[in-house]
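Take the sequences, apply the hints, and build the full model.
Chains as they are written, first to last, in the working numbering: chain Y, 47 to 158; chain D, 710 to 821.
It is possible that some hints are incorrect.
With a Cα cut of at most 25 angstroms, we get these calculated DSS-like pairs of lysine-lysine [unchecked claim]:
1) Y:K103 / Y:K114
2) D:K766 / Y:K88
3) D:K766 / Y:K103
4) Y:K125 / Y:K109
5) Y:K125 / Y:K105
Read the hints as simulated data drawn from the structure, not as lab findings.
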Amino acid sequence: EDQVTQSPEALRLQEGESSSLNCSYTVSGLRGLFWYRQDPGKGPEFLFTLYSAGEEKEKERLKATLTKKESFLHITAPKPEDSATYLCAVGDSIQGAQKLVFGQGTRLTINP
Amino acid sequence: KAGVTQTPRYLIKTRGQQVTLSCSPISGHRSVSWYQQTPGQGLQFLFEYFSETQRNKGNFPGRFSGRQFSNSRSEMNVSTLELGDSALYLCASNSGGPLGYTFGSGTRLTVV
Numbered sequence: 047e048d049q050v051t052q053s054p055e056a057l058r059l060q061e062g063e064s065s066s067l068n069c070s071y072t073v074s075g076l077r078g079l080f081w082y083r084q085d086p087g088k089g090p091e092f093l094f095t096l097y098s099a100g101e102e103k104e105k106e107r108l109k110a111t112l113t114k115k116e117s118f119l120h121i122t123a124p125k126p127e128d129s130a131t132y133l134c135a136v137g138d139s140i141q142g143a144q145k146l147v148f149g150q151g152t153r154l155t156i157n158p
Numbered sequence: 710k711a712g713v714t715q716t717p718r719y720l721i722k723t724r725g726q727q728v729t730l731s732c733s734p735i736s737g738h739r740s741v742s743w744y745q746q747t748p749g750q751g752l753q754f755l756f757e758y759f760s761e762t763q764r765n766k767g768n769f770p771g772r773f774s775g776r777q778f779s780n781s782r783s784e785m786n787v788s789t790l791e792l793g794d795s796a797l798y799l800c801a802s803n804s805g806g807p808l809g810y811t812f813g814s815g816t817r818l819t820v821v
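Next up, the structure:
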């Protein structure tokens, strides 16, 4: 059974203090590693999809990387508006019907 | 471009009642998935529909059901509501490409 574990559960940083969030996974066959951002009272907002070990993607202050067993979301010089819960998910496809298996998320708080 | 629209945003129901939630996907998206989000279990997959056919189902009791119409709009129904069904129900649509699923803002269901 696919499993996704995110750490830490919560992280509090000062504005400008860079850090990384971890997502470790066990899957029978990876069909995409997804990162989402979720603000309170809203649905998850898509950030990145990674498919193969060694792949990296960047967007503004965020950079996602992927190895065979884990993914990292690096946050460089964060701002208060980066405060949110960051969710990691792996894609599991059965007969083309993909479902996402989510981790519990990391609640990130950036203090000004 | 309109996003994924879920109605209603909030619902309060009594134990034993049934409820129907609605989801309109992004225009052109034929795959619609439903997820349940609770503080304890996180985001869990309910089911996925493509061209009016359920292709994948999560580990939920038969009280949870859904359907998709020819215009790709989807509904999910929960019968004989229990207190534990209180959650944020999220709908997501996908064009089948690598950009992942786009989520709606969800329906917050409270069972009293």
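In rising order, the numbers of the hints this structure does not comply with: 3
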